[in-house]
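First to last, the sequence lines map onto chains X and R. Mapping to numbering that gives the first Met the number 0: the first sequence position 12 is 11, numbers consecutive. Mapping to numbering that gives the first Met the number 0: the second sequence position 156 is 155, numbers consecutive.
Hints may contain errors.
Facing chain X, from chain R, some residues (calculated, C-beta under 7 Å) [stated by the list, open to error]:
{"#": "1", "residue": "Arg91"}
{"#": "2", "residue": "Pro92"}
{"#": "3", "residue": "Glu209"}
Under the rule of at most 30 Å between Cα atoms (straight-line distance), these lysine-lysine pairs were calculated in the DSS-like manner [said to hold, decoys possible]:
{"#": "4", "chain 1": "X", "residue 1": "Lys122", "chain 2": "R", "residue 2": "Lys40"}
{"#": "5", "chain 1": "R", "residue 1": "Lys203", "chain 2": "X", "residue 2": "Lys111"}
{"#": "6", "chain 1": "X", "residue 1": "Lys109", "chain 2": "R", "residue 2": "Lys203"}
{"#": "7", "chain 1": "X", "residue 1": "Lys240", "chain 2": "X", "residue 2": "Lys201"}
{"#": "8", "chain 1": "R", "residue 1": "Lys40", "chain 2": "X", "residue 2": "Lys80"}
{"#": "9", "chain 1": "X", "residue 1": "Lys202", "chain 2": "X", "residue 2": "Lys246"}
{"#": "10", "chain 1": "X", "residue 1": "Lys322", "chain 2": "X", "residue 2": "Lys10"}
{"#": "11", "chain 1": "X", "residue 1": "Lys10", "chain 2": "R", "residue 2": "Lys203"}
{"#": "12", "chain 1": "X", "residue 1": "Lys201", "chain 2": "X", "residue 2": "Lys111"}
{"#": "13", "chain 1": "X", "residue 1": "Lys111", "chain 2": "X", "residue 2": "Lys122"}
{"#": "14", "chain 1": "X", "residue 1": "Lys201", "chain 2": "X", "residue 2": "Lys109"}
{"#": "15", "chain 1": "X", "residue 1": "Lys311", "chain 2": "X", "residue 2": "Lys322"}
{"#": "16", "chain 1": "X", "residue 1": "Lys122", "chain 2": "X", "residue 2": "Lys246"}
Derived from the structure by calculation, the hints contain no laboratory data. A quick note: this is a predicted structure, and the numbers were derived from the prediction, not measured. Where is the CB? At the ideal position from N, CA and C, for every residue including glycine.
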Amino acid sequence: MDPLLDVRHLKKYFPIRGGLWQRHVNDVHAVDDVDLAIMPGESFGLVGESGSGKTTLGKTILRLSEPTSGEIFFEGRDICKATHDEMQGYRVDMQMVFQDPYSSLNPRMKVKDIVSESLLIHKRTKGRETLERVRELINLVGLMDDHLHRFPHEFSGGQRQRIGIARAIALHPRLLVLDEPTSALDVSVQAQVLNLLLDLQKKLDLTYLFISHDLGVIRYVCNRVGLMYLGRIVEIAPVEKIFDEPKHPYTLALLSAMPEADPDHKVQEIVLEGEIGSPINIPRGCRFASRCPAQFGRCHVEDPPLVDTGDKHMVACHLHPAKDAT
Amino acid sequence: MTTQGTTATISQPLPDIFAAQAALKSPGLLALAWRRFWRDKLAVVGTAVLLLLGLMALLATPLASEVTHFQPEQIELLGNLKPLGWARTPERPAHWLGTDELGRDVLTRIMFGAQVSLFIAVLTVALTLTIGTLSGAMAGYFGGVVDMIISALINVLLSVPLLFLLILISAVFRPPWWGLAIVLASVSWTGVARLVRGEFLTIKVRDYIEAARVIGSSNPRIIFRHILPNATSPMIVAATLQIGGVILTETALSFLGFGVQPPTPSWGNMLTNAQQYLFLAPVNIFVPGLFIFVTVLSVNFMGNGLRDALDPRLKQ
Chain X
0 MDPLLDVRHL KKYFPIRGGL WQRHVNDVHA VDDVDLAIMP GESFGLVGES GSGKTTLGKT
60 ILRLSEPTSG EIFFEGRDIC KATHDEMQGY RVDMQMVFQD PYSSLNPRMK VKDIVSESLL
120 IHKRTKGRET LERVRELINL VGLMDDHLHR FPHEFSGGQR QRIGIARAIA LHPRLLVLDE
180 PTSALDVSVQ AQVLNLLLDL QKKLDLTYLF ISHDLGVIRY VCNRVGLMYL GRIVEIAPVE
240 KIFDEPKHPY TLALLSAMPE ADPDHKVQEI VLEGEIGSPI NIPRGCRFAS RCPAQFGRCH
300 VEDPPLVDTG DKHMVACHLH PAKDAT
Chain R
0 MTTQGTTATI SQPLPDIFAA QAALKSPGLL ALAWRRFWRD KLAVVGTAVL LLLGLMALLA
60 TPLASEVTHF QPEQIELLGN LKPLGWARTP ERPAHWLGTD ELGRDVLTRI MFGAQVSLFI
120 AVLTVALTLT IGTLSGAMAG YFGGVVDMII SALINVLLSV PLLFLLILIS AVFRPPWWGL
180 AIVLASVSWT GVARLVRGEF LTIKVRDYIE AARVIGSSNP RIIFRHILPN ATSPMIVAAT
240 LQIGGVILTE TALSFLGFGV QPPTPSWGNM LTNAQQYLFL APVNIFVPGL FIFVTVLSVN
300 FMGNGLRDAL DPRLKQ
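Bound-form chain X, shown alone (with noise of 0.2 Å):
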């Protein structure tokens, strides 16, 4: 099966200007050679602390920020070559949630026509057509036919996030990007939402590029998950093996951070010294070997790239060299 989106090679640089002349003085690297495909149907999970990158890169697929270089392949075709006109196009099949849903809503702005707008901008539906629709979707999400008449500051969190959701979904989409769909919510109103988009994502066949900080609800929502750091991709493998085999020291630091339920269940925690490294001066060789409790001499050498340990694991580790194809 060919994967719906791929992503090769994809960077992002800010750059930083300064000076009396605002001469370019350095980059910030927050997406620094990423490499990524996901398959019509999945959930892929993107996770990373804060400043690694995995919101820039989710911005930049729908290219609400124009890569530095690489390229964006949705299904078969390099977005990042499309001119406005054919980009307005891929815009009906790419579709984003926010994390925020206070600001995501425009204040001034009812919520028939904050969810109706792609629809007529996109010429699908026609007057009273359109109400249909609104009210279909609406309903979809869980909210009323009264709800629509009114304006989002009269909403709850959850129930501004389901406006979110209702409009992403407005155009019928191939891919959902989910920027932290719930991590401004209340822990109930999360699972709520995290249920609602599951039940979403088998009615409408919806792919999912789930960007989250929160390993319980990647585990609860996606089936394959990559851990980011600094920029890039450190591991890719399904769900179940991150949890249960994860191979990148990052990957083992992070799932031993994670808050058990169990007080009895003791974790030996590993814990990382220091801050995550300046995306403007990259280190030579891995960008994890300076808080990496397993580093060695090569790690501060040579950059490990992203391979295949067999098994659909990619990891980006000297530890884990590639597994031969032969």
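Starting from the structure of chain X, add chain R where the hints point.
Frame of chain X; chain R shown alone:
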């Protein structure tokens, strides 16, 4: 890992126990703003005064023939600089606010002056809002070179002493009253432009703008449908407060002889004429002065009230 278990047990949607409460429509943004505005009595009084003045200006012609019985340029021979309530004979209509140095009825001229002064003010502010919004929106939204050019222009205009620039333009072109509005607007749009630019800079990075972009909104659509409606509150406030400033500037120009040209009355040129007879007929200088004072004060009260009502975050 037990998150999976926890979430599974509450996977059923909770019954909406607040449905009844939710059914009650909460007041809209405008209704809330109106409530806050109504609470500010000074602003309400200011608005009422402005409405009365506006009505007076609009109805100047019928008022002149029906109420004061004088025309603005009608001269009472040998009746110049007369005091309040003077009438040639008891049968003739009285000059309630006296006559000026040519024997013209002051009240009638005040009414027609209001027409000129208020119309200039409103037209100037309308032009200012248009130019200021467009340039500010372009600078804030597109940034880069566009922003550099517009911001440079604003900074240059702001560093020129405006009154002298106005005097120069007025002296060279001698514009009619609507031309004066254009001249005033051409130098006073900078304030609105800066304000709008700032609003655009803060709003354009909000998530709902990104969301609009994801669904494929065009730039004009984002500017006019998503950003501008969220930037209107400070704009309305600034525009209102600017009316006062424009009236004062127009008055100053007319006072110096570069604004509205006689015989068309304006509050400014009435002051000019009156100052020569300051000691013979002090009333003549106080009447237009008082009208200017009350108008500008009312505008400022209304503007403050609007700011508190539309932008409650600013009021601490």
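Comparing the hints with the structure gives:
At its closest, the beta carbon of Arg91 of chain R sits 59 Å from a beta carbon of chain X; the interface hint therefore is violated under the 7 Å criterion. The interface hint given for Pro92 of chain R is violated, since its Cβ lies 53 Å from the closest Cβ of chain X, which is over the 7 Å cut-off. At its closest, the beta carbon of Glu209 of chain R sits 6 Å from a beta carbon of chain X; the interface hint therefore holds under the 7 Å criterion. Distance check on the hinted pair: Lys122 of chain X and Lys40 of chain R sit about 49 Å apart at the alpha-carbon level, beyond 30 Å; violated.
Our distance criterion of 30 Å between C-alpha atoms is met by Lys203 of chain R and Lys111 of chain X, whose separation comes to about 22 Å. The hinted pair formed by Lys109 of chain X and Lys203 of chain R meets the criterion: a straight-line CA distance of about 19 Å does not exceed 30 Å. As the CA atoms of Lys240 of chain X and Lys201 of chain X are separated by approximately 23 Å, the hinted pair is consistent with the 30 Å bound. A threshold of 30 Å between alpha carbons decides the hint, and for Lys40 of chain R with Lys80 of chain X the separation of about 60 Å lies outside it, so the pair is violated.
Among the hinted pairs, Lys202 of chain X with Lys246 of chain X is inconsistent with the structure: their alpha-carbon atoms are about 35 Å apart, more than 30 Å. This hinted pair checks out: Lys322 of chain X and Lys10 of chain X have alpha carbons roughly 27 Å apart, not beyond 30 Å. Between the alpha carbons of Lys10 of chain X and Lys203 of chain R the distance comes to roughly 24 Å, so the proposed pair stays at or under 30 Å and holds. At roughly 25 Å between alpha-carbon atoms, Lys201 of chain X and Lys111 of chain X fall within 30 Å of each other, so this suggested pair holds.
Annotation: proposed proximity of Lys111 of chain X to Lys122 of chain X holds, straight-line Cα distance about 16 Å (limit 30 Å). This hinted pair checks out: Lys201 of chain X and Lys109 of chain X have alpha carbons roughly 28 Å apart, not beyond 30 Å. At most 30 Å may separate the alpha-carbon atoms for a hinted pair to count; Lys311 of chain X and Lys322 of chain X meet this at roughly 11 Å. Simply put, Lys122 of chain X and Lys246 of chain X have alpha-carbon atoms about 48 Å apart, too far for the 30 Å limit, and the pair is violated.
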